[in-house]
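J.: So you can see what is in the structure, the chains are spelled out below.
There are 2 protein chains.
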Amino acid sequence: MKFNKVLESLVNYEAGKPIELVVREHGIEAKDVIKIASNENPYGCSPKVVKAIQNEAFKMSLYPDDSMYELKEALAEKYGVESENIIIGSGSDQVIEFSLFAKANPSNKILVAKTTFAMYEIYGKRTGTTILKTPSHGHNIQELSDIYKNNKDVAVIFLCLPNNPLGECLDKDDVFGFLKEISDDTLVVIDGAYQEFASFKDKNKKIDPKELINTFANTIYLGTFSKAYGLGGMRVGYGIGDKEIIKSLHKLRSPFNITTLSLKAAIEALKDEEFIKSSIVSNFEEMVKYEEFAKKLDIEFIPSYTNFITYKVKKDSSFICEELMKRGIIIRNLKSYGLNAVRITIGTKEQNDRLFKVFEDIYRG
Amino acid sequence: MKFNKVLESLVNYEAGKPIELVVREHGIEAKDVIKIASNENPYGCSPKVVKAIQNEAFKMSLYPDDSMYELKEALAEKYGVESENIIIGSGSDQVIEFSLFAKANPSNKILVAKTTFAMYEIYGKRTGTTILKTPSHGHNIQELSDIYKNNKDVAVIFLCLPNNPLGECLDKDDVFGFLKEISDDTLVVIDGAYQEFASFKDKNKKIDPKELINTFANTIYLGTFSKAYGLGGMRVGYGIGDKEIIKSLHKLRSPFNITTLSLKAAIEALKDEEFIKSSIVSNFEEMVKYEEFAKKLDIEFIPSYTNFITYKVKKDSSFICEELMKRGIIIRNLKSYGLNAVRITIGTKEQNDRLFKVFEDIYRG
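Protein sequence lines correspond, in order, to chains A and B. Each residue of the first sequence is one higher than the one before, counting from 1 in the numbering used here. Each residue of the second sequence is one higher than the one before, counting from 1 in the numbering used here.
Because the hints were derived from the structure by calculation, they are not lab data. You may find that some hints are simply not true.
Identical copies look the same in the list; a pair holds intra-copy or inter-copy alike.
Derived lysine to aspartate or glutamate pairs resembling EDC-like cross-links, with alpha carbons at most 20 angstroms apart [claimed, not checked]:
no.: 1; residue 1: K2; residue 2: D242
no.: 2; residue 1: K295; residue 2: E360
no.: 3; residue 1: K180; residue 2: D146
no.: 4; residue 1: K326; residue 2: D65
no.: 5; residue 1: K78; residue 2: E273
no.: 6; residue 1: K2; residue 2: D184
no.: 7; residue 1: K72; residue 2: E286
no.: 8; residue 1: K312; residue 2: E300
no.: 9; residue 1: K312; residue 2: E291
no.: 10; residue 1: K59; residue 2: D32
no.: 11; residue 1: K315; residue 2: D146
no.: 12; residue 1: K59; residue 2: E268
Construct the entire structure; sequences and hints are all you get.
T.: Here it is as structure tokens:
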């Protein structure tokens, strides 16, 4: 059977290896496996969310309120915008997909940093668009600006702030300066999946969605419940943008794109900001240990504004990841990004201490 | 901002109105609202599934096993196929989307019955393809065959067996006869969302996925956990097809396209077939009452092989639905399908008895 030509160029996203796989392939018991590979919240989610889901589990047979009225109202209040400025996605991934399908096509281009969230390129390829990348791995404003000026037909630009999988983050002032150069007809997606971490560590990194979209009507801000809010498994993200943009993206949203329990979980998670703050404080306390550990082993690392850290290792990154996995520790190999590096999610104190011990054995061994 | 031209022709799916909306708009307490509009299982889901989700709610922070190993293995065993014959979607809706994006494009066509599941057309339009429809509302093999023969470039055919929102169902022998006429390069999607109901009521309607795909390599069978399995809110469906087709569709699947709790719920639901059987038995016991009620009120109905029944009412269907809603009962108006008809989900005995009473008042009043 023949398929549409665009499928020939598609590759699948390489997801972090699940605990179940390590159990199956290495015969290690699930309780002995540590997964610090996918930037999930190591403290789980708010106990109040767990309780709410336990109480409402019997509602699994019912489709969710497809208008997502309550969640949108809560997000609108949090950010000082209106419900009509908000679209809910199955993870912010899906809002990336909507943004690309709304604007990108085989006769235009999109612009991204060389090493950034893989889904921009994966969804981009599905539209048949051309993908322009900066020479540098991370976000370099000068390079982005030069490429933009030299290409007249850039439909979408993605800025991942802070950047996954590298961890660096542009200053807000630099971002706003760059945005002034961009045409009204280019959609700029500000991916704030890790903004809760970056804005806590350094106020200069903070992007306020309301200020962003009121200043630049051609932008959309992406947020997610998967990282700081500890709901990675529930697939809820959102886009905040000008009403005209949001209305167009809604045409691409399928009904019931998040589950009944996901909707409930997100609504409840917004009510427990204390949990989020405590997770973020612990994250940066533990992050310091990762920096010290890297220095001790003479490993170059990228200062991180997220809940993970990227080590530019001197031994083969695939070897390190494979050896760690045999010992029940899952981290993320960045070989497929063209880097001999590993990305490690900052875990709990216990998880991190075990990682340090085993990693050192492998690295020095 | 300009968007891709295809967006101009897109409309959103009109989802069944949620209970929350009736509560908000009509000031009726949630406990007093009956929703028999979206073909959810009125008996909920298996209590074993509820318990499993309560026990694993704390895992919401973790992404699901993206290989979906355990669920695929369980489905493979159930249907006597291999894991590689299976793709999991966020509802079978998403497998419809994959099928269309894999095959349909602006230079070819797709073929559907005039009145069938709305998502075939909605996703079809996103690809820019041309949508061919039969003159008759339901599935008419002769009409489908004639249209197919008169159009050389039909990329995808959808057969909804039994058909939503009408409830009728083609015999398996007629379907297989039709499939013999279809080119190897046309993908035929057999949507079995309600097959559990149809095959219980009449063995002649039963489509066995293994026999189907082994006889016709250009077909894909869709199943869902949303209807008989009572997990409409959890968004899990699947496609079963030739490995080559499934491999191609996987290129369009985004990572983590179902939630961690959805994956668990589906796995557990497959272990409690008794619950499914009991739901289906009750469904057809109650269905008889809907047929008798229609006869009593001299309303024409379509004999149904599903968990809903379609009444071709003589009063205005919008009036009936609106009046019912004011009294806290949600059913589905089929006006947007060009029919003065309503679709009612077969509820529990209590729900149905209340519907009969209120409906009769409105219809005769």
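J.: Each of the hints needs a verdict: does it hold here or not?
T.: Quick rundown of the hints versus the structure:
no.	hint	result
1	K2 with D242	between (40 angstroms within a copy, 13 angstroms between copies)
2	K295 with E360	within (12 angstroms within a copy, 79 angstroms between copies)
3	K180 with D146	within (14 angstroms within a copy, 58 angstroms between copies)
4	K326 with D65	between (44 angstroms within a copy, 18 angstroms between copies)
5	K78 with E273	within (11 angstroms within a copy, 44 angstroms between copies)
6	K2 with D184	between (39 angstroms within a copy, 9 angstroms between copies)
7	K72 with E286	neither (33 angstroms within a copy, 38 angstroms between copies)
8	K312 with E300	within (5 angstroms within a copy, 72 angstroms between copies)
9	K312 with E291	within (12 angstroms within a copy, 70 angstroms between copies)
10	K59 with D32	between (33 angstroms within a copy, 16 angstroms between copies)
11	K315 with D146	neither (35 angstroms within a copy, 66 angstroms between copies)
12	K59 with E268	both (16 angstroms within a copy, 16 angstroms between copies)
Comparing the model with each earlier hint shows violations of hints 7 and 11; every other hint is respected.
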